[in-house]
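Colleague: Top line first, the protein sequences correspond to chains A and B. Each number in my numbering corresponds to the 1-based position in the first sequence with 1 added. Position 70 (the second sequence) corresponds to 67 in my numbering; numbering is contiguous.
Just so you know, these hints were derived from the structure itself, not from any lab. From a predicted model like this one, the values you see are computed outputs, not experimental measurements. Mixed in with the good hints there might be a few duds.
Below 30 Å or equal to it, Euclidean Cα-Cα: the simulated BS3-like pairs (lysine-lysine) are [stated by the list, open to error]:
{"id": "1", "chain 1": "B", "residue 1": "70", "chain 2": "A", "residue 2": "64"}
{"id": "2", "chain 1": "A", "residue 1": "30", "chain 2": "A", "residue 2": "49"}
{"id": "3", "chain 1": "A", "residue 1": "5", "chain 2": "A", "residue 2": "53"}
{"id": "4", "chain 1": "A", "residue 1": "140", "chain 2": "B", "residue 2": "38"}
{"id": "5", "chain 1": "A", "residue 1": "199", "chain 2": "A", "residue 2": "30"}
{"id": "6", "chain 1": "A", "residue 1": "64", "chain 2": "B", "residue 2": "84"}
{"id": "7", "chain 1": "A", "residue 1": "71", "chain 2": "B", "residue 2": "94"}
{"id": "8", "chain 1": "A", "residue 1": "126", "chain 2": "B", "residue 2": "45"}
{"id": "9", "chain 1": "B", "residue 1": "84", "chain 2": "A", "residue 2": "123"}
{"id": "10", "chain 1": "A", "residue 1": "124", "chain 2": "B", "residue 2": "38"}
{"id": "11", "chain 1": "B", "residue 1": "92", "chain 2": "A", "residue 2": "64"}
{"id": "12", "chain 1": "A", "residue 1": "5", "chain 2": "B", "residue 2": "90"}
{"id": "13", "chain 1": "A", "residue 1": "55", "chain 2": "A", "residue 2": "126"}
{"id": "14", "chain 1": "A", "residue 1": "30", "chain 2": "B", "residue 2": "84"}
{"id": "15", "chain 1": "A", "residue 1": "124", "chain 2": "B", "residue 2": "45"}
{"id": "16", "chain 1": "A", "residue 1": "123", "chain 2": "A", "residue 2": "4"}
{"id": "17", "chain 1": "A", "residue 1": "140", "chain 2": "B", "residue 2": "22"}
{"id": "18", "chain 1": "A", "residue 1": "126", "chain 2": "B", "residue 2": "51"}
{"id": "19", "chain 1": "A", "residue 1": "123", "chain 2": "A", "residue 2": "71"}
{"id": "20", "chain 1": "B", "residue 1": "22", "chain 2": "A", "residue 2": "123"}
{"id": "21", "chain 1": "B", "residue 1": "119", "chain 2": "A", "residue 2": "126"}
{"id": "22", "chain 1": "A", "residue 1": "140", "chain 2": "A", "residue 2": "53"}
{"id": "23", "chain 1": "A", "residue 1": "45", "chain 2": "A", "residue 2": "71"}
{"id": "24", "chain 1": "A", "residue 1": "194", "chain 2": "A", "residue 2": "225"}
{"id": "25", "chain 1": "A", "residue 1": "123", "chain 2": "B", "residue 2": "45"}
{"id": "26", "chain 1": "A", "residue 1": "64", "chain 2": "A", "residue 2": "140"}
{"id": "27", "chain 1": "A", "residue 1": "30", "chain 2": "A", "residue 2": "55"}
{"id": "28", "chain 1": "A", "residue 1": "53", "chain 2": "A", "residue 2": "189"}
{"id": "29", "chain 1": "A", "residue 1": "189", "chain 2": "A", "residue 2": "126"}
{"id": "30", "chain 1": "B", "residue 1": "206", "chain 2": "A", "residue 2": "64"}
{"id": "31", "chain 1": "B", "residue 1": "92", "chain 2": "B", "residue 2": "70"}
{"id": "32", "chain 1": "B", "residue 1": "22", "chain 2": "B", "residue 2": "206"}
{"id": "33", "chain 1": "A", "residue 1": "71", "chain 2": "B", "residue 2": "119"}
{"id": "34", "chain 1": "B", "residue 1": "84", "chain 2": "A", "residue 2": "126"}
{"id": "35", "chain 1": "A", "residue 1": "123", "chain 2": "B", "residue 2": "94"}
{"id": "36", "chain 1": "B", "residue 1": "84", "chain 2": "B", "residue 2": "22"}
{"id": "37", "chain 1": "B", "residue 1": "90", "chain 2": "A", "residue 2": "225"}
{"id": "38", "chain 1": "B", "residue 1": "206", "chain 2": "A", "residue 2": "124"}
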Amino acid sequence: MKKKIALVTLATGYGGPSAVKALLAGGWKVFCNDRGFSDTKQCKAFAKANPKVKILDALEPEKAVGAVVKQAGRIDLLFSNNFVPLYPSAVETAALDVYRDYLEGLTIEPFRAARAAVPHMKKQKSGKIVFMTSAGPMKGLPNLSTYCAARGGATALMKALAQEVGRFNIQVNAIGPNYAENPTYFPKHILGKPFMRKLIKEECPIERYATPEEMVALIAFLAKEESNFITSQLIPFCGGWAS
Amino acid sequence: MRGKVCIVTHVTASIGQAGADALAKAGAKVVVSDASFADAKKREAYAKAHPRLKVTATLDPELLVEETVARHKRVDVIVANASLAPKPAQIEKTKVKELREALEVLAIEPFRLAKAASRHMKQQKSGKIIFVTSDAPRYGLANHTVYCTAQGTANALMGTVAQELAGANVQVNAIAPAATVAPTYFPKEMMGETTAEKVIVKKGKGMRKAKAAEAGALVAFLAGEGSDFLIGEVIPFAGGWI
């Protein structure tokens, strides 16, 4: 069987490393881009650590999707992995510029990636789109109102798009993490700190954080054909934090 | 509502007029803004027709809040009544620019209003912010990715701002009107070729258009003290529409 083709955007952060791991293990051919790849050193280090991954120069979502289709002839999975740095602030002082950056990075970028990938998937009469959003808007994160807004927008995009493209055998879902180990928001050294352990015990019914391996398992499942009946869903990945 | 100061934006759109009338009837001072008020003739005609409302040509959200507080000493209620005509299109036929514009109107403008008002409301230790949004993002609407994304952003913003301000006795909620409120509140440009009546008949026999007084009553309820226990809710105003 020919290898299935995946694009993982911004591969070194948030759900990127877990997605790459899950897809390679599942026999996928994986294309990646990253903001850090413009730095030759970083790019070479990633290539060395991930010799099977195809590295893309293109950072713009449309160009990245275009490059995958040009090189591989198709795109079977778009893993739109979006993240931006956080600047917590109360609503009355939250900067409008920061909100606009959140929207650009967390809401508009996944929209652009999906918008570019959908025509190819429609032609193929199959495809999967997974958005890395957040569990945040399900419960609300204090002092991160504009961040939650942008994440909630991406989740809403997922729902609307799933309704639109279901009849083309395209499944669209989102993963909504909180307290899941990842290099961007919850690196291990922060999760190990006493205040964090206390917080997780108070906030998470499961009283622990998720390991990257658990994230790998979830992404592997959503990438499989066996999960095709699941579409239009936000999968909370937060140990019961949001319910 | 006597002594309360309210702001209703885009008063001629969506449930703006119904909300403003209901708040004024309940005794509140109601400041209303609208893009059409930039035209002095239209503004004067509107003011003459609605003598109970305080008409302003100011559209800038921060300025609107600050001018209101300067003139009336406080701000108790914000009805962020931004609306946008959803243009049905498959995602690949949309323009990214359209999403940016929709976010500007539906998600950024309400944020600017809430941000500006929350400072005063925290000092007053009371306030109500009502976002007029949509329930469509909850279930997703095919060929409306732009609209649903922007309204979903607005709902998520509302929910987290609500959590944050609850401790300051400021309640934030959303009203999600469906097309059942048309055509008075969903003008023709929003409905396209489909009239509200046609859509409603398709949806079910028991369905009908909402009355202005019903929309007004909901706004007045969410603006009043009786609804203090409601925080961060999206309340569909839809007559059974799902």
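Colleague: Now tell me if each hint is right for this structure.
Modeller: Hints and how they fare:
1. A threshold of 30 Å between alpha carbons decides the hint, and for residue 70 of chain B with residue 64 of chain A the separation of about 53 Å lies outside it, so the pair is violated.
2. Restraint check for residue 30 of chain A and residue 49 of chain A: the C-alpha separation of about 17 Å stays at or below 30 Å, so the hint holds.
3. For the hint pairing residue 5 of chain A with residue 53 of chain A, the CA-to-CA distance comes to about 14 Å; that is within 30 Å, so the pair holds.
4. Proximity of residue 140 of chain A to residue 38 of chain B is assessed by CA-CA distance (about 47 Å); at most 30 Å being required, the pair is judged violated.
5. Distance restraint check for residue 199 of chain A and residue 30 of chain A: the Cα-Cα separation of roughly 41 Å exceeds the 30 Å cut-off, and the hinted pair is therefore not satisfied.
6. Restraint check for residue 64 of chain A and residue 84 of chain B: the C-alpha separation of about 26 Å stays at or below 30 Å, so the hint holds.
7. A distance of roughly 26 Å separates the Cα atoms of residue 71 of chain A and residue 94 of chain B; the hinted pair therefore holds under the 30 Å criterion.
8. With a C-alpha separation of about 59 Å, the suggested pairing of residue 126 of chain A with residue 45 of chain B is violated against the 30 Å cut-off.
9. Between residue 84 of chain B and residue 123 of chain A the alpha-carbon distance is near 21 Å, which keeps this suggested pair within the 30 Å criterion.
10. The straight-line distance between the Cα atoms of residue 124 of chain A and residue 38 of chain B is roughly 54 Å, outside the 30 Å bound, and the hint therefore fails.
11. Between residue 92 of chain B and residue 64 of chain A the CA atoms are separated by roughly 16 Å; this keeps the pair inside 30 Å, and the hint holds.
12. Our distance criterion of 30 Å between C-alpha atoms is met by residue 5 of chain A and residue 90 of chain B, whose separation comes to about 27 Å.
13. Annotation: proposed proximity of residue 55 of chain A to residue 126 of chain A holds, straight-line Cα distance about 24 Å (limit 30 Å).
14. With a C-alpha separation of about 37 Å, the suggested pairing of residue 30 of chain A with residue 84 of chain B is violated against the 30 Å cut-off.
15. Distance restraint check for residue 124 of chain A and residue 45 of chain B: the Cα-Cα separation of roughly 58 Å exceeds the 30 Å cut-off, and the hinted pair is therefore not satisfied.
16. Restraint check for residue 123 of chain A and residue 4 of chain A: the C-alpha separation of about 19 Å stays at or below 30 Å, so the hint holds.
17. Annotation: proposed proximity of residue 140 of chain A to residue 22 of chain B is violated, straight-line Cα distance about 36 Å (limit 30 Å).
18. The suggested pairing of residue 126 of chain A with residue 51 of chain B is violated, with an alpha-carbon distance near 56 Å, which exceeds 30 Å.
19. Simply put, residue 123 of chain A and residue 71 of chain A have alpha-carbon atoms about 16 Å apart, close enough for the 30 Å limit, and the pair holds.
20. Restraint check for residue 22 of chain B and residue 123 of chain A: not satisfied, since their Cα atoms lie roughly 54 Å apart, outside the 30 Å limit.
21. Distance check on the hinted pair: residue 119 of chain B and residue 126 of chain A sit about 53 Å apart at the alpha-carbon level, beyond 30 Å; violated.
22. For a cut-off of 30 Å, the pair hint linking residue 140 of chain A to residue 53 of chain A is broken: about 39 Å separates their Cα positions.
23. With a CA separation close to 23 Å, the supplied pair residue 45 of chain A and residue 71 of chain A stays within the 30 Å bound.
24. Restraint check: the Cα-Cα separation between residue 194 of chain A and residue 225 of chain A comes to about 36 Å, which exceeds 30 Å; the hinted pair is violated.
25. For the given pair, residue 123 of chain A sits about 55 Å from residue 45 of chain B by alpha-carbon distance, which is inconsistent with the 30 Å threshold.
26. Taken as a hint, the residue 64 of chain A and residue 140 of chain A pair is broken in the structure, with Cα atoms around 35 Å apart against an allowance of 30 Å.
27. For the hint linking residue 30 of chain A to residue 55 of chain A, the alpha-carbon distance of about 8 Å falls within 30 Å, and the restraint holds.
28. With a C-alpha separation of about 26 Å, the suggested pairing of residue 53 of chain A with residue 189 of chain A holds against the 30 Å cut-off.
29. Taking the CA atoms of residue 189 of chain A and residue 126 of chain A, the gap is near 40 Å; set against the 30 Å cutoff, the hint is violated.
30. For the proposed pair residue 206 of chain B and residue 64 of chain A, the alpha carbon gap of about 46 Å is over 30 Å, so the pair is violated.
31. For the given pair, residue 92 of chain B sits about 43 Å from residue 70 of chain B by alpha-carbon distance, which is inconsistent with the 30 Å threshold.
32. With a CA separation close to 23 Å, the supplied pair residue 22 of chain B and residue 206 of chain B stays within the 30 Å bound.
33. For the hint pairing residue 71 of chain A with residue 119 of chain B, the CA-to-CA distance comes to about 55 Å; that exceeds 30 Å, so the pair is violated.
34. A C-alpha spacing of about 25 Å is found between residue 84 of chain B and residue 126 of chain A, which places the hinted pair at or below 30 Å, so the restraint holds.
35. At roughly 23 Å between alpha-carbon atoms, residue 123 of chain A and residue 94 of chain B fall within 30 Å of each other, so this suggested pair holds.
36. This hinted pair does not check out: residue 84 of chain B and residue 22 of chain B have alpha carbons roughly 35 Å apart, beyond 30 Å.
37. As the CA atoms of residue 90 of chain B and residue 225 of chain A are separated by approximately 29 Å, the hinted pair is consistent with the 30 Å bound.
38. As the CA atoms of residue 206 of chain B and residue 124 of chain A are separated by approximately 41 Å, the hinted pair breaks the 30 Å bound.
This entry does not satisfy hints 1, 4, 5, 8, 10, 14, 15, 17, 18, 20, 21, 22, 24, 25, 26, 29, 30, 31, 33, 36 and 38, going by the numbered hints stated previously.
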